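Following the hints, complete the assembly by docking chain Z onto the known chain B.
Chains as they are written, first to last, in the working numbering: chain B, 10 to 150; chain Z, 565 to 704.
Worth flagging that the hints you see were computed from the coordinates, not collected in a lab. Keep in mind that a hint or two might mislead.
Said to hold, decoys possible - Some chain Z residues near chain B, calculated using beta-carbon distances under 10 angstroms:
id : residue
1  : Q579
2  : G610
3  : A614
4  : R661
5  : K702
Bear in mind the structure is a predicted one, so any value in this text is a computation, not a measurement. Ideal Cβ placement from N, Cα and C applies to all residues, glycine included.
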Amino acid sequence: MNDMTAKSDATATSQELAVREKKELTGEEKTIPGRFFVPSTDAYETDDGLTLVMEMPGVARDGLDVSLEDGVLTVEGRLDFSSYQEMTPVYTEYNVGHYARSFSLPDKIDQDNIGAKLEDGVLTLTLPKAPAARPRRIAVS
Amino acid sequence: MARLPSPFDTLQSLQQALDSFRTSSWLDAGLSGGGAYPPINVFRRGEDFALIAEIPGVKKSDIEVQVKGRTVRVSGGKSVDYPTGSAVHRRERLGGRFDRALSLPFEIDPERVQAECRDGVLALLLTRAEHDKPRTIKVS
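Just chain B, same shape as in the assembly (with noise of 0.2 angstroms):
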């Protein structure tokens, strides 16, 4: 495993891309009905803070909910079936469902000012390190 993702870390955009079998949420409940699907994320941290790189493919901005609560990040996106009415399935490879993922944060994290952004099926939230928890350089006099 590891030896892959240094690969495709050095040949990003030449290295063909492989598919990723879609994992089914489990150990959860949720009152909507239909199947839900953990998104593949991504999570990188810099000097500024968390980043959350979330795959949700068929989300539309409004279906999108994020929250957060006693420092756990809820990441829900329905997908809106409404255009796949009066489509008959022929061949089929992959499932279609709403995706959701929970994440506890740490303290450090500025709750007030975590933003997020969609686009071409992709999240990106980024969470700014409270400023208190920022790496901070100590002169020595």
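What follows is chain Z alone, placed relative to chain B:
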């Protein structure tokens, strides 16, 4: 009272239909074996067909769609990168290129192909070419 079709009913029936296809064995030895990216679902709507693929993170300008005869080819790519100096906690997204061709059991009318990509979902609407449509012959 007029009753509008519920989107959730649609969802349930769609998922059941998808399930029955995915669990049937004929897909196992199928065209792609689940290996080719992007996975494609094919739907029929009346006379027309719709090819739908999930390609999150691929920009519209990076997608190329070609149609010739019975074959549709979709290619493109995306890169997944992180700012330099960042500590990566979790890496689940994949970057790279894709190039996939799918053959359909009918000739496509190249003039009437509609392609749209919204929220990371590519939809191609294909119409059967007029000259390929079955003709009814009147028996005299």
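* Hint numbers contradicted by this structure -> 5
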